[in-house]
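> Using my numbering, the first residue of the sequence shown is number -3, and each one after it goes up by one.
By construction, these hints were calculated from the structure, which means they are not laboratory data. Take these hints with a grain of salt, some might be off.
[To be verified] Derived Cβ-Cβ restraints for the label pairs, each shown as a range:
| no. | residue 1 | residue 2 | range |
| --- | --- | --- | --- |
| 1 | Leu67 | Asn36 | 14 to 22 Å |
| 2 | Ala89 | Leu60 | 35 to 43 Å |
| 3 | Leu60 | Glu37 | 19 to 27 Å |
| 4 | Phe92 | Ala17 | 30 to 38 Å |
| 5 | Glu35 | Gly90 | 15 to 23 Å |
| 6 | Thr80 | Trp54 | 28 to 36 Å |
| 7 | Asp58 | Glu37 | 33 to 41 Å |
| 8 | Ala89 | Asn36 | 33 to 41 Å |
| 9 | Asp78 | Pro20 | 38 to 46 Å |
| 10 | Ala28 | Trp54 | 28 to 36 Å |
| 11 | Gln33 | Tyr86 | 19 to 27 Å |
Glycine is no exception: its CB is placed at the ideal position from the N, C-alpha and C atoms.
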Amino acid sequence: MARMVTQLLILARSDANVLAANEPVLIRDVIADLCSQRENEPRLVCKDLERLEGALVWGNLDYLKQLFLILLDNAFKYTTADGTVEMCGYLNAGLFNSRFP
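Using the sequences and the hints, build the whole thing.
Below is the structure:
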């Protein structure tokens, strides 16, 4: 239900041409939140999140959550039933990189 409300808010904002507020976001918290939401999914492996402790990205928190949720949903969609989905991220030269190997 919360996901649907968030999606509706994002849709309403985009229809109203309201610019998204950019702010510093702790990316580890975004990924950890998604991992905890999917903790009952046995195929999900969240790893090395401690490497992202204190890492900031500049963006909109709701949009970033939505982005990673879409990526995660697609990873499950295209992974075989006996496969796993690894969600991890790392910093490279000060830039955040995410992987779904």
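> Work down the list of hints and note, for each, if the structure agrees.
Results of checking the hints against the structure:
1. Leu67 with Asn36: 14 to 22 Å: 19 Å, holds
2. Ala89 with Leu60: 35 to 43 Å: 20 Å, violated
3. Leu60 with Glu37: 19 to 27 Å: Given range 19 to 27 Å: holds, Cβ gap about 20 Å.
4. Phe92 with Ala17: 30 to 38 Å: For Phe92 and Ala17 the Cβ distance comes to about 19 Å; the hint is violated.
5. Glu35 with Gly90: 15 to 23 Å: 31 Å, violated
6. Thr80 with Trp54: 28 to 36 Å: 31 Å, holds
7. Asp58 with Glu37: 33 to 41 Å: Distance hint for Asp58, Glu37 is violated at roughly 22 Å.
8. Ala89 with Asn36: 33 to 41 Å: 36 Å, holds
9. Asp78 with Pro20: 38 to 46 Å: 40 Å, holds
10. Ala28 with Trp54: 28 to 36 Å: 19 Å, violated
11. Gln33 with Tyr86: 19 to 27 Å: With a Cβ separation near 22 Å, Gln33 and Tyr86 satisfy 19 to 27 Å, so the hint holds.
Of the numbered hints listed earlier, those contradicted by the structure are 2, 4, 5, 7, 10.
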